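Enquirer: Residue numbers (my numbering), protein chains in the order written: chain A, 204 to 330; chain B, 204 to 330; chain C, 204 to 330; chain D, 204 to 330; chain E, 204 to 330; chain F, 204 to 330.
Keep in mind that a hint or two might mislead.
Cut-off 30 Å, straight-line C-alpha distance, at most; resulting in silico cross-link-like pairs (DSS-like, lysine-lysine) [to be verified]:
hint, chain 1, residue 1, chain 2, residue 2
1, D, Lys329, F, Lys243
2, A, Lys255, C, Lys255
3, C, Lys329, D, Lys243
4, E, Lys243, F, Lys255
5, B, Lys228, D, Lys329
So the derived label-pair ranges between C-beta atoms look like this [said to hold, decoys possible]:
hint, chain 1, residue 1, chain 2, residue 2, range
6, E, Arg328, C, Arg262, 46 to 54 Å
7, B, Pro261, E, Gly292, 42 to 50 Å
8, B, Phe250, C, Arg262, 39 to 47 Å
9, F, Glu252, A, Phe250, 33 to 41 Å
10, B, Leu231, F, Glu296, 32 to 40 Å
11, E, Thr246, A, Gly292, 25 to 33 Å
Hints listed in this document are in silico derivations from the structure and should not be mistaken for laboratory results.
All values derive from a computational prediction rather than experimental measurement.
C-beta atoms are modelled at their ideal positions from N, C-alpha and C, and glycine is treated no differently.
Number of protein chains: 6
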Amino acid sequence: MKPLAATIASLVLIASPSIRAEQPKQTLDEIRRVAPGLEKYTTGRLFGEVWKRPGLAPRDRSLITVAALIAMYRTDQLPGHLERALNNGVTREEIGEIITHLAFYAGWPAAMTAGTIARRIFDGRKP
Amino acid sequence: MKPLAATIASLVLIASPSIRAEQPKQTLDEIRRVAPGLEKYTTGRLFGEVWKRPGLAPRDRSLITVAALIAMYRTDQLPGHLERALNNGVTREEIGEIITHLAFYAGWPAAMTAGTIARRIFDGRKP
Amino acid sequence: MKPLAATIASLVLIASPSIRAEQPKQTLDEIRRVAPGLEKYTTGRLFGEVWKRPGLAPRDRSLITVAALIAMYRTDQLPGHLERALNNGVTREEIGEIITHLAFYAGWPAAMTAGTIARRIFDGRKP
Amino acid sequence: MKPLAATIASLVLIASPSIRAEQPKQTLDEIRRVAPGLEKYTTGRLFGEVWKRPGLAPRDRSLITVAALIAMYRTDQLPGHLERALNNGVTREEIGEIITHLAFYAGWPAAMTAGTIARRIFDGRKP
Amino acid sequence: MKPLAATIASLVLIASPSIRAEQPKQTLDEIRRVAPGLEKYTTGRLFGEVWKRPGLAPRDRSLITVAALIAMYRTDQLPGHLERALNNGVTREEIGEIITHLAFYAGWPAAMTAGTIARRIFDGRKP
Amino acid sequence: MKPLAATIASLVLIASPSIRAEQPKQTLDEIRRVAPGLEKYTTGRLFGEVWKRPGLAPRDRSLITVAALIAMYRTDQLPGHLERALNNGVTREEIGEIITHLAFYAGWPAAMTAGTIARRIFDGRKP
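Isolated chain A (complex conformation) (with noise of 0.2 Å):
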């Protein structure tokens, strides 16, 4: 029985919201069949274009986002922003603080549901 608990607890988690959008590429493709113009514009130019200019460091543009994506609660959003952070050079250690400084900014629940997402993030992540 435990392996079939297994499955289910990950089937689970699958199911999650949090982590579908942690699979950019499908979330894009489910867009496009709905949304074709956002579809468009997500690649042709947030993705294509906001995200390269050199206005900014692509660091300095994963903090404001996952910053903007705390603050607002986008909980389907910001396990993908959060992997993207880590491979843009933000460290472990940085998401915890910047988790621990938008509580008194955000609020403690922000802060508390975006704590439990970057552990299942980080979890995810470990060899």
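Please arrange chains B, C, D, E and F on chain A, whose structure you already have, making use of the hints.
Expert: Chains B, C, D, E and F only, in chain A's frame:
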């Protein structure tokens, strides 16, 4: 093992808060037990009066309700009101355009989540 | 005494955030000096493309934009988009119904503020 | 010079959105002209029924209303409801503690603005 | 098959973000690993000091905390604070009235979700 | 005429919520009179400890604070933190890019208001 996995997946979906709201009747029964006043105002005023006021067409009321839910990231209530919007004459293509348009006004995260929910609703109505 | 009162009034108007947004051209000039990228995307994409996409009528785009602004309590941007909604064929009576309807979905405070701003816009357009 | 300063002050007050809400009667008159349905539900249901329901004491209703307004940063409506809370038996010291407590739950910015508004209300009620 | 379905259902509930927050101890352990500063401020200041300040009764603190969480749609944190509110002397009937009252101030969607969460908490405490 | 204009300007500045926050010292004095606990935590913990924690550079803390304020539309607190960001090494050009970037994540209205406030701060610091 396959059929079981399917059962599990469907159970997971049933438990997902965003789906539950598609069954407004069941939700109202829940609300009545907890907050009978809210159930009374929902049935008597909001759906019994406000939605029927002559000053704004039902399709227009659906447009602004869906827009408000997307903008406020009220993910539990969006599925039911997307169904209602389709019933009130808003097409799937128009819902896609609403989501694209609101990406610019309410931010990408709100629009991406709305797109994912809309796809699920559209798929669920397929013959 | 008149000119002084006029000076005072204009100072007050400059300081009032809700009024400033009624002059979109002046706002865009301000934005260009601070965030030239934003001005470019506003002119080139948001107003140059998105609002002109054929999938949703301009009146419908005004309905959802006004609804999103009311729901998010974006009081600076509401005046300009109320003007735009009136120009796109939304009547004053319909704006009143939108505000009434959204009181139930976005809460009374958002609706009351929207009502106060709408009255000011309506009065300002009177012959 | 006094009368002029008074004129200036009154102009400033008229322009300041946070102050306007202190005169609920005037606001309701404004709302009636723009959104008669909203005025009807405000007078007939919200103040005529909901606030008078026996299940929750008026002081408790003021506590949760003020908390919700602070948390949502609804600055236009906070002054009037702070007045109402004082009339319903919430003390100035308790309002100060509410603001301190909510700094942790709604974030520092919401609390700091609430503190500034509360001071103005307190000063305005002084003999 | 029945017992398995029950197991699955309970697992799903455990994985549901809204339920997780009911076990504050486990959440704090998670937070400590990710954001040790936040755990320190939560234990030392928020629960160790703020909640114990004499200026506002624990029942009043629960009222405003629950109101802020409902108004901000912080669904992860609401279950734990509904439990706390019940422990601090807020009755189930009063929670129902809070939800009804806040439908008017924070909007129907926030209240409906709060009602669904409250029912689950009430059911979970039944003998 | 000059001194009178100055008086007027100062009155207007006092009444304008967005400007008040530029004088953090005066704001803290106001807060102390209304919510002494909040003033204590602001001075002792938030500015006395959190901002000085070694895990995140002051410039990074300014980036995430400004991002959170823009995303949450906390217009009263943005001016003071834009000043602080400039003092912590964020350039005016970078602030412009932050605003452009966040238009996509927090929506155009939040970014437009931020741009207007930033221009005023930049102008006020000019020699």
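Enquirer: Determine for every hint whether it applies to the structure shown.
Expert: So, going through the hints one by one against the coordinates:
A threshold of 30 Å between alpha carbons decides the hint, and for D:Lys329 with F:Lys243 the separation of about 25 Å falls inside it, so the pair holds. Taking the CA atoms of A:Lys255 and C:Lys255, the gap is near 27 Å; set against the 30 Å cutoff, the hint holds. For the hint pairing C:Lys329 with D:Lys243, the CA-to-CA distance comes to about 25 Å; that is within 30 Å, so the pair holds. Proximity of E:Lys243 to F:Lys255 is assessed by CA-CA distance (about 15 Å); at most 30 Å being required, the pair is judged to hold.
At most 30 Å may separate the alpha-carbon atoms for a hinted pair to count; B:Lys228 and D:Lys329 exceed this at roughly 52 Å. Take E:Arg328 and C:Arg262: their Cβ atoms lie about 50 Å apart, and the range 46 to 54 Å holds. Distance hint check: the CB atoms of B:Pro261 and E:Gly292 are about 44 Å apart, consistent with the given range 42 to 50 Å. Against the hinted window of 39 to 47 Å, the Cβ-Cβ separation of B:Phe250 and C:Arg262 comes to about 25 Å, which falls outside the hint.
The hinted range of 33 to 41 Å is satisfied by F:Glu252 and A:Phe250, whose Cβ atoms lie roughly 38 Å apart. In this structure the supplied range 32 to 40 Å is violated for B:Leu231 paired with F:Glu296, their Cβ-Cβ distance being about 54 Å. About 31 Å separates the C-beta atoms of E:Thr246 and A:Gly292, a value consistent with the hinted range of 25 to 33 Å.
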